[in-house]
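Letter by letter, the sequence shown follows residues 1 to 412 of the UniProt record's numbering.
Just so you know, the hints here were simulated from the structure itself, not pulled from any lab data. Mixed in with the good hints there might be a few duds.
Claimed, not checked - Straight-line Cα separation of at most 30 angstroms, DSBU-like style, residue types lysine-lysine; simulated pairs:
| id | residue 1 | residue 2 |
| --- | --- | --- |
| 1 | Lys27 | Lys106 |
| 2 | Lys106 | Lys68 |
| 3 | Lys68 | Lys54 |
| 4 | Lys42 | Lys27 |
| 5 | Lys54 | Lys27 |
| 6 | Lys106 | Lys371 |
| 7 | Lys54 | Lys42 |
| 8 | Lys106 | Lys54 |
| 9 | Lys42 | Lys68 |
| 10 | Lys27 | Lys68 |
To be verified - Now the in silico label distances, taken between C-beta atoms and shown as ranges:
| id | residue 1 | residue 2 | range |
| --- | --- | --- | --- |
| 11 | Asn116 | Ser250 | 47 to 53 angstroms |
| 12 | Ala325 | Tyr346 | 22 to 28 angstroms |
| 13 | Leu247 | Asn43 | 53 to 59 angstroms |
| 14 | Val253 | Leu363 | 24 to 30 angstroms |
| 15 | Ser314 | Ile66 | 23 to 29 angstroms |
| 16 | Glu46 | Phe317 | 38 to 44 angstroms |
| 17 | Ser322 | Leu363 | 40 to 46 angstroms |
Using N, Cα and C, we set each Cβ at its ideal position, and we do this for glycine too.
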Amino acid sequence: MTSTDNSVVLLRSLLDAVRNDDDERLKFLLSTTPEILDLAVKNWPENPLIAACKLRSFRVVEEIRIRKPELARLKDDGDCCDLLHWSCVRGDVEMVKSLETLTSLKESALHLAAKNHQNDAFAFLLKEVKPDQIHLLYGLDSEGSSALEIATVNNIYTEEGQLLLVNCDLENSHKLHEAVEREELGTESEDINDEQQTNFNSEFHLIDITFDEQERFSNRIRGCNSRWWLLGKRKLMLIFPAILLGLSFSSTVILPYFFPGEKSITNNQVVFQFRDIVTILLTPVFYIMTLNTIVLTISSVSLTMLLFSHPLGSLLFLCGISTFALYVLLTYRTMPIFFVRIGSRYVSSFQVMWTLALGLVFLVAVIYLVKYCLNKLILSMRKLSDQRFRFTAALSFLYIFVVFQLLRIIFF
1 MTSTDNSVVL LRSLLDAVRN DDDERLKFLL STTPEILDLA VKNWPENPLI
51 AACKLRSFRV VEEIRIRKPE LARLKDDGDC CDLLHWSCVR GDVEMVKSLE
101 TLTSLKESAL HLAAKNHQND AFAFLLKEVK PDQIHLLYGL DSEGSSALEI
151 ATVNNIYTEE GQLLLVNCDL ENSHKLHEAV EREELGTESE DINDEQQTNF
201 NSEFHLIDIT FDEQERFSNR IRGCNSRWWL LGKRKLMLIF PAILLGLSFS
251 STVILPYFFP GEKSITNNQV VFQFRDIVTI LLTPVFYIMT LNTIVLTISS
301 VSLTMLLFSH PLGSLLFLCG ISTFALYVLL TYRTMPIFFV RIGSRYVSSF
351 QVMWTLALGL VFLVAVIYLV KYCLNKLILS MRKLSDQRFR FTAALSFLYI
401 FVVFQLLRII FF
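Required output: the full structure, derived from the provided sequences and hints.
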């Protein structure tokens, strides 16, 4: 057997050991061929330690770390770029020595320790944060979440029971320390001497996370996770609107076959009043086509949003516009011809149907927009002090009351 063939066999055996987390087999290979790890580094597309990290073969990682510790600092472009990130997933505090390195998902060691609920590793990392490294707490990963947000949502605490202690400049540190004493130490805080207080203030600063901020962090992370879930499930999400669009289009096509007599209504025979729309006195085809139009409009908008980022998004968008135009012509041909009296004007059934359908879609969109704006307003107002909050709330209600009265005077 040639040396090349022998190397292939050895590397294959090493790969099996890594995949199966078989540290005994790895020890045997290292005892017979000590250079096998160097051979893997030269021939494999990635560091064998990183490969074991990705496969979560922890016993193999431990053995490689002991036999060849220099592999822990080899850079890699995969999901785990060095042993630092694996150690945060595992919770091994002793190996966490670096903060600036990021994974391909833009995760720092702080991100991974917080995501995997490793309190000890996170507390150790916080003590390593220097004043000029505070940005590491606020740096965003590929999902748009910072380590501070993840730690807050996952309730990561230090051994002292205090949330997020980091090195930083000391503005208001004495006040913060007194707050910690009152909340965490109670009456025992009186026994702390001045020297201990000075040392505490010179090293640590409490990041005070309020309930509102924690709720905001949770909503933001849920939003980011939802966006990434939608991106990951894009193919599945395309199916549902496409099915609804097809059903709406098909049911509109076959309506004349199920209601052949309604097309014979002439505009001179029947004129409906506007109130007849609400009391459901119009023909069934009118209401069915209104529902179909609402479903088709929402499905078309959803498909457009999902497909526009596709490489052929512009072409698909034009196809969607053409399909929608074809549906408009189809409704014009299918809708029974009658008129609805609105005030002193007579409006055709086709115009009433489209106005009603698009008006309902617009109304739902406005309701969601108003709800979003009110939530933002309430969150921003809750950040104010209680006195300012009451004053701002009273002023807002007064403004709404005045506007309502003016509108009532003008229109009624």
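Comparing the hints with the structure gives:
1. Distance check on the hinted pair: Lys27 and Lys106 sit about 34 angstroms apart at the alpha-carbon level, beyond 30 angstroms; violated.
2. Of the supplied pair hints, the one linking Lys106 and Lys68 holds, its CA atoms being roughly 27 angstroms apart against a limit of 30 angstroms.
3. Between Lys68 and Lys54 the alpha-carbon distance is near 18 angstroms, which keeps this suggested pair within the 30 angstroms criterion.
4. Restraint check: the Cα-Cα separation between Lys42 and Lys27 comes to about 20 angstroms, which is no more than 30 angstroms; the hinted pair holds.
5. Taking the CA atoms of Lys54 and Lys27, the gap is near 20 angstroms; set against the 30 angstroms cutoff, the hint holds.
6. For the given pair, Lys106 sits about 33 angstroms from Lys371 by alpha-carbon distance, which is inconsistent with the 30 angstroms threshold.
7. The suggested pairing of Lys54 with Lys42 holds, with an alpha-carbon distance near 19 angstroms, which does not exceed 30 angstroms.
8. With a CA separation close to 16 angstroms, the supplied pair Lys106 and Lys54 stays within the 30 angstroms bound.
9. Distance hint between Lys42 and Lys68 is fulfilled; the C-alpha atoms sit about 15 angstroms from each other, no more than 30 angstroms.
10. Distance hint between Lys27 and Lys68 is fulfilled; the C-alpha atoms sit about 12 angstroms from each other, no more than 30 angstroms.
11. Checking the proposed 47 to 53 angstroms range against Asn116 and Ser250 shows it holds: the Cβ atoms sit about 49 angstroms from each other.
12. At roughly 26 angstroms, the beta carbons of Ala325 and Tyr346 sit within the given window of 22 to 28 angstroms.
13. A beta carbon spacing of about 55 angstroms between Leu247 and Asn43 agrees with the range 53 to 59 angstroms that was offered as a hint.
14. The given range of 24 to 30 angstroms is respected by Val253 and Leu363, whose C-beta atoms sit roughly 28 angstroms from each other.
15. In this structure the supplied range 23 to 29 angstroms is violated for Ser314 paired with Ile66, their Cβ-Cβ distance being about 56 angstroms.
16. The given range of 38 to 44 angstroms is respected by Glu46 and Phe317, whose C-beta atoms sit roughly 40 angstroms from each other.
17. Distance hint for Ser322 and Leu363: a CB-CB separation of about 27 angstroms, inconsistent with the stated range 40 to 46 angstroms.
Of the numbered hints listed earlier, those contradicted by the structure are 1, 6, 15 and 17.
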